[in-house]
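S.K.: First to last, the protein sequences are chains A and F. If you use our numbering, the first sequence corresponds to residues 1 to 63, in order. If you use our numbering, the second sequence corresponds to residues 1001 to 1462, in order.
No wet-lab data here; the hints were simulated from the structure. Check each hint, because a few of them may be wrong.
[To be verified] Heads up, incomplete: computed chain F residues facing chain A, CB under 8 Å, no partners named:
no.	residue
1	Arg1031
2	Lys1033
3	Gly1037
4	Val1307
5	Ala1310
[To be verified] Label-pair distances were calculated between CB atoms; the ranges are:
no.	chain 1	residue 1	chain 2	residue 2	range
6	A	Phe12	F	Pro1460	27 to 37 Å
7	A	Asp50	F	Arg1382	40 to 50 Å
8	F	Arg1243	A	Glu56	21 to 31 Å
9	A	Pro57	F	Arg1382	15 to 25 Å
10	F	Ala1038	A	Pro57	42 to 52 Å
11	A	Pro57	F	Glu1278	45 to 55 Å
12	F	Asp1366	A	Phe49	51 to 61 Å
13	A	Glu56	F	Leu1059	53 to 63 Å
14	A	Pro30	F	Asp1242	16 to 26 Å
15	F	Ser1290	A	Ala27	32 to 42 Å
16	A	Ala27	F	Gly1392	42 to 52 Å
Even glycine gets a Cβ: it sits at the ideal position worked out from N, Cα and C.
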Amino acid sequence: MSETEDWPFDAFIAAAAAALALPIEPAWQPQIKAHLQVIWRLAQEVAEFDLPDELEPAPVFET
Amino acid sequence: MEAWRTAADIAGAVASGRITVLAVLEATLERIKQHDGALNAFSALTTERALTKARAIDLGIAQGRSAGPLAGVPFAVKNLIDVAGLATLAGSKINASRRPAALDSPLIARLEAAGAVLVGTLNMGEYAYDFTGENVHYGASSNPHDLALMPGGSSSGSGAAVAGGLVPLALGSDTNGSIRVPASFCGLFGLKPTYGRLSRARSFPFVASLDHLGPLARSSLDLALAYDAMQGHDAADPICVDRPIEPALPSLELGINGMRVAVAGGYFKRGLSPAGQEAVARVAAALGASGEVELPQAGRARAAAYVITAAEAATLHLDRLRRRAGDFDPAVRDRLIAGAMLPAPFVVRAQKFRRWYHDEVLRLFDSLDAILAPATPFTAPRLGQQTVHLDGVELPLRPNIGIFTQPISFIGLPVAVVPVPLQPLPIGVQIIVPPWREDVALRIAYSLEKNGVALAPRPPDR
């Protein structure tokens, strides 16, 4: 996926809000966008890290 | 009663008959009345319940029954923990319309079974999505060291109440650092136990994958007393493991001879203020820490915790965002809405990364008993502060408060925070240990406290 700055976040937010039935007031849009861009960047940082297919999520310590 | 008395001291005085539980409670309620107006730590008092409990304990002692290890110790809980008869606010306006909780949290029940006396609930950041202690609905809690400063969040009332001498013991929750940040900013000892150690049943969740509950206190002994009393399996929390109780108290005074301790390098040294550097250096010197260790991909771990937090919190609140978006704190609402829009692969990938990072970090403990890291990059900022200077760069404050706590709770490692009493403000250091070794973290904290390196400094009394 391209750099977050190049990417049509406003259109994405509008579509996602409609799909999720989330009412968004226009005044909230800039902050939502700013937060989404931060989370998106961090998510890409994680996604870029190569992991084996066999690695399963394991959220508990049993050993 | 002396306001700065520890829980252990109170319990000892009660058990030996030097003071009654009722006298302790009355002094506590009076102190809260005098000082909570300035601190804004409490959201509700449970006065009648506490008086009933205090009289019952006093009667039991008079009849020869043994007092518990926390006999007469007043405590309070972050208001996301259920208290029978109160609506569990979780710092929100929306939850005020919930039905009152039918039952207490099991942690409250266990502390009370040990003789402690619940005196009330404590303010917090809305739905725990906060590191500052600011709250648009109920006002900010203040830092007792300087009322103009942040107490840290989201267990802000817990930090303010204990550091302000209102109670010696409080419970908080920690998803990304919400016990460890207020412990650092307020100069307190805090314990975030292993993920799955203490029951989270009957508490309002935030991020199920990362939520922990734990105590804040003014001494490591008090942390150990409270932690030991709260241990034990609880089938009502599916994450709470069925392990035997492993008390920390018996080994607390064994000292640190032979302990293998290293300082977290790399990621944990970047953006660290001079105060944070000084605090880590003092603790490292006292423990004879032998060099540095790198937690691999700690920055990515923090990023993954951020992503999981955003997605799970948004999922939790999705219906409330649809129906009552206007009743949220706008800062919380906008982050939650953004989190609801994340594509699923980002979140699943972050969970997979968690497994990788967990395995890598656990390997470090093959040759180490504990790892030291700063709890926060800096001492308490001013309430309302928006930016901070780190390494000469101006950065937004809020997302940077938890950078050193998030990569640790991400994989559930137990951590004790010790306060280092620097001037003019204290700052905390994390003692990070392998899963289920809270006893080691508390033993190290106790040793640091005994030699004066760690101390909960007493704020000026107002």
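S.K.: Next step is simple, just say for each hint if it's right about the structure.
M.R.: Hint check results:
1. Arg1031: With a closest approach of 40 Å, the Arg1031 (chain F) hint is violated.
2. Lys1033: violated (39 Å)
3. Gly1037: Hint violated; Gly1037 (chain F) Cβ to chain A Cβ min 33 Å, cut 8 Å.
4. Val1307: holds (5 Å)
5. Ala1310: Check passed: Cβ of Ala1310 (chain F) comes within 5 Å of chain A, closer than 8 Å.
6. A:Phe12 <-> F:Pro1460: 27 to 37 Å: Violated, since Phe12 (chain A) and Pro1460 (chain F) (Cβ atoms, about 51 Å apart) do not stay within the stated range.
7. A:Asp50 <-> F:Arg1382: 40 to 50 Å: For Arg1382 (chain F) against Asp50 (chain A), whose Cβ atoms are near 42 Å apart, the range 40 to 50 Å holds.
8. F:Arg1243 <-> A:Glu56: 21 to 31 Å: Given about 22 Å between the Cβ atoms, the range holds.
9. A:Pro57 <-> F:Arg1382: 15 to 25 Å: Distance hint for Pro57 (chain A), Arg1382 (chain F) is violated at roughly 40 Å.
10. F:Ala1038 <-> A:Pro57: 42 to 52 Å: At 46 Å between Cβs, range holds.
11. A:Pro57 <-> F:Glu1278: 45 to 55 Å: violated (39 Å)
12. F:Asp1366 <-> A:Phe49: 51 to 61 Å: violated (23 Å)
13. A:Glu56 <-> F:Leu1059: 53 to 63 Å: holds (55 Å)
14. A:Pro30 <-> F:Asp1242: 16 to 26 Å: violated (48 Å)
15. F:Ser1290 <-> A:Ala27: 32 to 42 Å: Because 55 Å falls outside the window, the suggested range is violated.
16. A:Ala27 <-> F:Gly1392: 42 to 52 Å: violated (35 Å)
When the structure is compared with the earlier hints, violations turn up for hints 1, 2, 3, 6, 9, 11, 12, 14, 15, 16 and for no others.
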